[in-house]
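Go by the hints and put chain B onto chain A.
Number of protein chains: 2
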Amino acid sequence: MQRFKNDPDEIVDETVRGFVRAHRDLVGLHPGNDRVVVARGVPRRGRVGIVTGGGSGHEPAFLGYAGRGMVDAVAVGELFSSPTAKAFLEAVRTADGGAGVCVLYGNYAGDNMNVKMAQRMAAKQGIEVLTVVANDDVLSAPPDQRGKRRGVAGEILMWKVGGARAAEGGTAEEVRAAAQKAIDATRSVGVGLAPCTLPANAGPNFEIAPGKMEIGIGHHGEPGTEVVDLAPADAVADRMLDVVLEDHDLSGGDRVCVLLSGLGATPVNELYVLYDRIERQLEAKGIGTHRAFVGNYFTSLEMTGATLTIMKLDDELTRLIDAEAVSPGLVVRKEA
Amino acid sequence: MQRFKNDPDEIVDETVRGFVRAHRDLVGLHPGNDRVVVARGVPRRGRVGIVTGGGSGHEPAFLGYAGRGMVDAVAVGELFSSPTAKAFLEAVRTADGGAGVCVLYGNYAGDNMNVKMAQRMAAKQGIEVLTVVANDDVLSAPPDQRGKRRGVAGEILMWKVGGARAAEGGTAEEVRAAAQKAIDATRSVGVGLAPCTLPANAGPNFEIAPGKMEIGIGHHGEPGTEVVDLAPADAVADRMLDVVLEDHDLSGGDRVCVLLSGLGATPVNELYVLYDRIERQLEAKGIGTHRAFVGNYFTSLEMTGATLTIMKLDDELTRLIDAEAVSPGLVVRKEA
Chain A
1 MQRFKNDPDE IVDETVRGFV RAHRDLVGLH PGNDRVVVAR GVPRRGRVGI
51 VTGGGSGHEP AFLGYAGRGM VDAVAVGELF SSPTAKAFLE AVRTADGGAG
101 VCVLYGNYAG DNMNVKMAQR MAAKQGIEVL TVVANDDVLS APPDQRGKRR
151 GVAGEILMWK VGGARAAEGG TAEEVRAAAQ KAIDATRSVG VGLAPCTLPA
201 NAGPNFEIAP GKMEIGIGHH GEPGTEVVDL APADAVADRM LDVVLEDHDL
251 SGGDRVCVLL SGLGATPVNE LYVLYDRIER QLEAKGIGTH RAFVGNYFTS
301 LEMTGATLTI MKLDDELTRL IDAEAVSPGL VVRKEA
Chain B
1 MQRFKNDPDE IVDETVRGFV RAHRDLVGLH PGNDRVVVAR GVPRRGRVGI
51 VTGGGSGHEP AFLGYAGRGM VDAVAVGELF SSPTAKAFLE AVRTADGGAG
101 VCVLYGNYAG DNMNVKMAQR MAAKQGIEVL TVVANDDVLS APPDQRGKRR
151 GVAGEILMWK VGGARAAEGG TAEEVRAAAQ KAIDATRSVG VGLAPCTLPA
201 NAGPNFEIAP GKMEIGIGHH GEPGTEVVDL APADAVADRM LDVVLEDHDL
251 SGGDRVCVLL SGLGATPVNE LYVLYDRIER QLEAKGIGTH RAFVGNYFTS
301 LEMTGATLTI MKLDDELTRL IDAEAVSPGL VVRKEA
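Protein chains in written order, with the UniProt record's numbering: chain A, 1 to 336; chain B, 1 to 336.
Just chain A, with the same shape it has in the complex (with noise of 0.2 Å):
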């Protein structure tokens, strides 16, 4: 694997403090924990503080998101893991703004244990502290046991909801409510067209062979439903977008925002030529795209291939989509 890299050891602390410094009008590092970046301006007084974490390897995920309108603090976890509880625990006191603290994060057995943990700690110190766990990709388990199903490039979606609802004042409740809303409307799919591999190791931790394509795969690379020959990209867009509709209760008039993410590798003018062949099909189906992101926003280091989500929108998530959020990985201006 060709890449740049000192010491593997040291890449999530690079990564961190490289972070740091390329946005330090919008984060900083916790003066006491180099896990834990902190958004400028926090805690917000009186607002409900918005934490999130998770494993590194997905940049600008989960770091990037910290900024204004968005998430207030981020417990970082080494390379594809969870964050320390105790980084999760830092993130939230420092996001504390008096008016509790929402934690939206993804559903894996780490974070779900470590946020726990975090949370009951919290608890003791007085800090009230809401969880929303996402659950969007779709294959990662059938619609019956949707609980069981991990939380992907949706999250980003959820993150702005709540930040949007925070930011707008809404109590810990509302916010937690508004998130929940936002992750129950979105559904993801990936698609891996080439492994990746962890800058310690040799080799990939999976394989996909040249000229097949994997549907479903996870962010690290968790097996998907079916490995299938690599199709066109106008079938390939179709296929997730199928996926995806068929688990969505969506219909002709609906309104939705689109997220379409690239995995690490693949190079964005490919995901343009998916984007215009799912927006085409969306509106052959009546289905109007409100809003889109298309880009690099949640990777798996240099893994090919992409993510499609889809949120159903109504009035409230349209409104907080909407309003307006900066933040290094993502950025939705207010016009005057």
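Identical copies look the same in the list; a pair holds intra-copy or inter-copy alike.
Restricting the straight-line Cα-Cα distance to at most 20 Å, the calculated cross-link-like pairs of lysine to any residue (SDA-like) are:
#1 Lys116 x Thr131
#2 Lys334 x Ala323
#3 Lys5 x Ala209
#4 Lys212 x Gln2
#5 Lys334 x Glu324
#6 Lys334 x Leu26
#7 Lys212 x Pro8
#8 Lys5 x Arg239
#9 Lys116 x Leu130
No lab work stands behind these hints: they were computed from the structure.
Positioned in the frame of chain A, the structure of chain B alone reads:
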């Protein structure tokens, strides 16, 4: 090569269509030429128009820099090929708000020829076109032949400065002078770790052996000056910085703007690893980093590698780099 593609001959059309759909709040397609992307609100009456153009495969360059306070119209070429003179001409005509047009582009034979042709045709139609040719790629020609050097990611900073000067209401000559000053103050270098493949081809158009890296590689795989063993990230960062600084007149007390771009397949976290070292090394030399951009700003399909771009700032360039700009590829916020 594992990629999302349909008919390779359609890839540019599909990319442009998908791009314009995804970013329709900021850009649109020229009604008569589907290889010209136009920012919303263009032409801007009484303002100097800013035009650029270049080959596809570098997304978000070039089309992604159409927006407010940036580029007004972009001519889009085939993959790694210059746009036609006709596309440049249409971009110029569209961008013309009655105060002249500046075409700010990169030093490649095809672009030079086609921009000159468009310039002559525009003159016949009564539109004054001034040009600035970017040549920031240090290792593409020796210091005494700077005019032969290629333009690479430094073009983004040139567009930023030119776009800001136009937004301020500068005359065509003032805008040209600011963009020229910007690129004169800018140096770049690329390091390639693995090649890219044109979608119509079976294999890469050049090779980089595993365990090697190519110093000075161009945006289309133009050969660098040296192929050496792949070094640790810090050593690569130091080498890139050395190349830039040896060609630059920077000294202690200077302020710079840094742009570190991935070439397509390099994970975002590795860019932060490089960036951390680069900013620390600049600091050690007494050079302050006023603003940094780190991400996939100017890519080469799925090439693995990165480019480092450094602009020396004075008061005018600082003001113009800090001015508000909103484009799909780059956002600079004006804080309230």
